[in-house]
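Student: Sequence:
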Amino acid sequence: MTNWDLIPIVPYLLMTPVHGLFACVYAYSVKLAVDDETYRTFCKKQSESFDVLMKYCGYDPNEDGDSKSKE
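Residue numbers (this note's numbering): 57 to 127.
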């Protein structure tokens, strides 16, 4: 594999920060548009959906030895 083989992925790597920026602008616009309680609910649901995505990809933060188990 040469360096020239990696050129097709460059546009995708450049788009990653752009998507992050749009996500931040979207979250801030939601914060400005709604009251504090609704914004907290929005953030909680976003966090839950991110946790589901991470578990689907094989990462479960509750599996490591550092986290406390719920008893």
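Hints are not guaranteed to be accurate.
Said to hold, decoys possible - Cβ pair distances, simulated, as ranges:
id	residue 1	residue 2	range
1	Val90	Lys111	23 to 31 Å
2	Arg96	Leu70	18 to 26 Å
3	Lys100	Ile63	37 to 45 Å
4	Phe78	Asp107	18 to 26 Å
5	Asp92	Asp61	48 to 56 Å
6	Pro73	Lys100	34 to 42 Å
7	Leu77	Asp107	21 to 29 Å
Claimed, not checked - Computed list of lysine-lysine pairs in DSSO-like fashion (alpha-carbon distance at most 30 Å, straight line):
id	residue 1	residue 2
8	Lys100	Lys87
9	Lys111	Lys101
10	Lys100	Lys111
Everything labelled a hint here was simulated from the structure, so no lab data went into it. Every residue gets a Cβ at the ideal spot worked out from N, C-alpha and C, and that includes glycine.
Student: With reference to the structure, classify each hint as holding or not holding.
Tutor: Each hint, compared with the structure:
1. Look at Val90 against Lys111: about 28 Å separates their beta carbons, and that is inside 23 to 31 Å.
2. The given range of 18 to 26 Å is broken by Arg96 and Leu70, whose C-beta atoms sit roughly 33 Å from each other.
3. With their beta carbons about 41 Å apart, Lys100 and Ile63 fall inside the hinted range of 37 to 45 Å.
4. Taken as a hint, the range 18 to 26 Å holds for the pair Phe78 and Asp107, whose Cβ atoms sit roughly 22 Å apart.
5. Distance hint for Asp92 and Asp61: a CB-CB separation of about 50 Å, consistent with the stated range 48 to 56 Å.
6. The given range of 34 to 42 Å is broken by Pro73 and Lys100, whose C-beta atoms sit roughly 26 Å from each other.
7. Distance hint check for Leu77 and Asp107: the Cβ-Cβ separation is about 23 Å, which falls inside the suggested range of 21 to 29 Å.
8. Straight-line distance between C-alpha atoms of Lys100 and Lys87 comes to about 13 Å, which keeps the hinted pair within the 30 Å bound.
9. Taken as a hint, the Lys111 and Lys101 pair is honoured in the structure, with Cα atoms around 15 Å apart against an allowance of 30 Å.
10. Annotation: proposed proximity of Lys100 to Lys111 holds, straight-line Cα distance about 17 Å (limit 30 Å).
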